[in-house]
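Based on these hints, arrange chain E on the given structure of chain R.
Listed below are the residues making up each chain.
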Amino acid sequence: MELDEMKQVWARMDLHQDGMEALLRQDFRDRRMDKARSAMRWSLLGQAVGIACWVAFVVFVASFWVAHRHVTHLLVIGLLLHVYGIAGIWSSVTQWFLLSRIYLFDAPVLILQRRLTQLRRFRMVSTLALGLPWWFLWLLVPLVFLTWSSGTDMFAGASGWIWANMAVGAVGTGFSLWLARRLAGRPIKSPWLQRVVDDMSGCTLARVSRQLDEIACFEQE
Amino acid sequence: MTARQHQQRFESLLHEHRRIVFKVAGLYSRSAADRDDLVQEISAQLWRSFGSYDEARAKFSTWLYRIALNVAISQARREHWSEADRFEPLDTHHLETVGGEPIAEQDERLTALYAFIGQLDPLNRALILLYLEDRNYGEMAEILGLSETNVATKISRIKQKLRGQMTAAASTGA
Chain R
1 MELDEMKQVW
11 ARMDLHQDGM
21 EALLRQDFRD
31 RRMDKARSAM
41 RWSLLGQAVG
51 IACWVAFVVF
61 VASFWVAHRH
71 VTHLLVIGLL
81 LHVYGIAGIW
91 SSVTQWFLLS
101 RIYLFDAPVL
111 ILQRRLTQLR
121 RFRMVSTLAL
131 GLPWWFLWLL
141 VPLVFLTWSS
151 GTDMFAGASG
161 WIWANMAVGA
171 VGTGFSLWLA
181 RRLAGRPIKS
191 PWLQRVVDDM
201 SGCTLARVSR
211 QLDEIACFEQ
221 E
Chain E
222 MTARQHQQRF
232 ESLLHEHRRI
242 VFKVAGLYSR
252 SAADRDDLVQ
262 EISAQLWRSF
272 GSYDEARAKF
282 STWLYRIALN
292 VAISQARREH
302 WSEADRFEPL
312 DTHHLETVGG
322 EPIAEQDERL
332 TALYAFIGQL
342 DPLNRALILL
352 YLEDRNYGEM
362 AEILGLSETN
372 VATKISRIKQ
382 KLRGQMTAAA
392 STGA
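Going line by line, the protein sequences match chains R and E. Those letters in the first sequence? Residues 1 to 221, per our numbering, in order. Those letters in the second sequence? Residues 222 to 395, per our numbering, in order.
Bear in mind the hints are in silico, worked out from the structure with no lab data behind them. Small disclaimer: the values here were computed from a predicted structure and weren't measured. Please note: incorrect hints may appear among the correct ones.
[Said to hold, decoys possible] DEER-style ranges, computed between Cβ atoms:
{"id": "1", "chain 1": "R", "residue 1": "T94", "chain 2": "E", "residue 2": "S392", "range": "46 to 56 Å"}
{"id": "2", "chain 1": "R", "residue 1": "S43", "chain 2": "E", "residue 2": "M222", "range": "22 to 32 Å"}
{"id": "3", "chain 1": "R", "residue 1": "D4", "chain 2": "E", "residue 2": "S392", "range": "15 to 25 Å"}
{"id": "4", "chain 1": "R", "residue 1": "R101", "chain 2": "E", "residue 2": "R384", "range": "17 to 27 Å"}
{"id": "5", "chain 1": "E", "residue 1": "E300", "chain 2": "R", "residue 2": "S43", "range": "16 to 26 Å"}
{"id": "6", "chain 1": "E", "residue 1": "R230", "chain 2": "R", "residue 2": "D4", "range": "18 to 28 Å"}
{"id": "7", "chain 1": "E", "residue 1": "A224", "chain 2": "R", "residue 2": "S190", "range": "36 to 46 Å"}
{"id": "8", "chain 1": "R", "residue 1": "I188", "chain 2": "E", "residue 2": "N357", "range": "45 to 55 Å"}
[Said to hold, decoys possible] List time: in silico PhoX-like cross-link candidates among lysine-lysine, alpha-carbon distance up to 20 Å:
{"id": "9", "chain 1": "E", "residue 1": "K375", "chain 2": "R", "residue 2": "K7"}
{"id": "10", "chain 1": "E", "residue 1": "K244", "chain 2": "R", "residue 2": "K7"}
{"id": "11", "chain 1": "E", "residue 1": "K382", "chain 2": "R", "residue 2": "K7"}
{"id": "12", "chain 1": "R", "residue 1": "K7", "chain 2": "E", "residue 2": "K380"}
{"id": "13", "chain 1": "E", "residue 1": "K244", "chain 2": "E", "residue 2": "K280"}
[Said to hold, decoys possible] Just a few of them, taken from the derived set where beta-carbon distance is under 10 Å, the chain E residues facing chain R:
{"id": "14", "residue": "L234"}
{"id": "15", "residue": "A279"}
{"id": "16", "residue": "L290"}
{"id": "17", "residue": "L334"}
{"id": "18", "residue": "N345"}
{"id": "19", "residue": "L353"}
{"id": "20", "residue": "L365"}
{"id": "21", "residue": "G366"}
{"id": "22", "residue": "K375"}
{"id": "23", "residue": "R378"}
Where is the CB? At the ideal position from N, CA and C, for every residue including glycine.
So that you can see chain R by itself, here it is in the shape it has in the complex (with noise of 0.2 Å):
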């Protein structure tokens, strides 16, 4: 069979359409598409907030560190702190743009899937450079508001227990590498769990960089 006779065959075959027209009514009057809509609209606003979080966060921290720039832990853990603000803000700005321009989806199909790809891409790698540090910042951050706040400083007390719990972050997450290497590849029940699996384990990234190879293949072939 030739492909222009497909077409024909095609245009004598049509989807029995009963069911779905009869779903779009329902959608209208169940007010679902408007939900839809202003389920996008809450999504940048979202965006939006975390950036404002970020600026928040970066603004408290740069105040904390200049305050205590003469404690030289406290200067490091500040600063420390600080470039991870920024990394959160570059984060947050990047893939408030990128969805910016993906959200209206029409834009041609091989520039949107690109960019929806691009911004997959971006979205998994910063998650898990943002992610991985918790390993170290759930100590830090609330040593740093124990300081600001009554004005302890934990680390001078305790620095010996501190520096422990260093080390087991820094053994957690090799741990953590090693274990989403592990169980990469084999079914897991929990969707969230499979996804951070996979994020971790570098199986999602490479799934990503293979379908913006498949799409310039297809651009240019």
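For chain E alone, kept in the frame of chain R given last:
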């Protein structure tokens, strides 16, 4: 234009072009339930984007194809589209001919058509859908974001591939 009029205009345009939504959903889903979900997802995205639709920039059908294909391809990619997940033909009760002729009485060409489309990746599937829908190369290029020459080359390659497969199938059957 009031919100009510805006919605009525959208519903009227969508009703007029609903076959496009159904065909795209049918081609990118693996079951009737999948297809219904995809129809809802596409129509929700169309409604989200309708506020920005500018008829001076693109025909409604072109705009609709872009969104419908983008939603369908994104969903296919999100669901880890792989060799194992390739297309399975819809159940026969989901298909009928325009004249109401039962599918069983159609020749095997429809099955062959679906089997062929089933081998294609999501992007080539979009290309073949537009071809089967008798869109001209200019419109296909506008929807996909390719040049007209590129579209023509790809169609020609698909034709060759199909011809090769049919020849191989005929020699195997002989």
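Each hint, compared with the structure:
1. R:T94 <-> E:S392: 46 to 56 Å: 54 Å, holds
2. R:S43 <-> E:M222: 22 to 32 Å: Since the Cβ atoms of R:S43 and E:M222 sit about 26 Å apart, the hinted range of 22 to 32 Å holds.
3. R:D4 <-> E:S392: 15 to 25 Å: Once the Cβ atoms are compared, 22 Å apart, the range 15 to 25 Å for E:S392 and R:D4 holds.
4. R:R101 <-> E:R384: 17 to 27 Å: 40 Å, violated
5. E:E300 <-> R:S43: 16 to 26 Å: Hint holds: Cβ distance 21 Å, inside 16 to 26 Å.
6. E:R230 <-> R:D4: 18 to 28 Å: 37 Å Cβ-Cβ, so the 18 to 28 Å window is violated.
7. E:A224 <-> R:S190: 36 to 46 Å: 41 Å, holds
8. R:I188 <-> E:N357: 45 to 55 Å: 47 Å, holds
9. E:K375 <-> R:K7: 16 Å, holds
10. E:K244 <-> R:K7: 14 Å, holds
11. E:K382 <-> R:K7: 16 Å, holds
12. R:K7 <-> E:K380: Distance of about 12 Å is within 20 Å: holds.
13. E:K244 <-> E:K280: Given pair E:K244, E:K280 holds - Cα atoms ~18 Å apart, limit 20 Å.
14. L234: 12 Å, violated
15. A279: 8 Å, holds
16. L290: Since chain R brings a Cβ to about 5 Å from E:L290, closer than 10 Å, the hint holds.
17. L334: 5 Å, holds
18. N345: The hint holds - E:N345 has a Cβ within 10 Å of chain R, the shortest such distance being about 7 Å.
19. L353: 4 Å, holds
20. L365: Holds - the Cβ of E:L365 comes within 10 Å of chain R, reaching about 5 Å at its closest.
21. G366: 3 Å, holds
22. K375: Given a least distance of 7 Å, the restraint on E:K375 holds.
23. R378: Holds: closest Cβ of chain R sits about 8 Å from E:R378, inside 10 Å.
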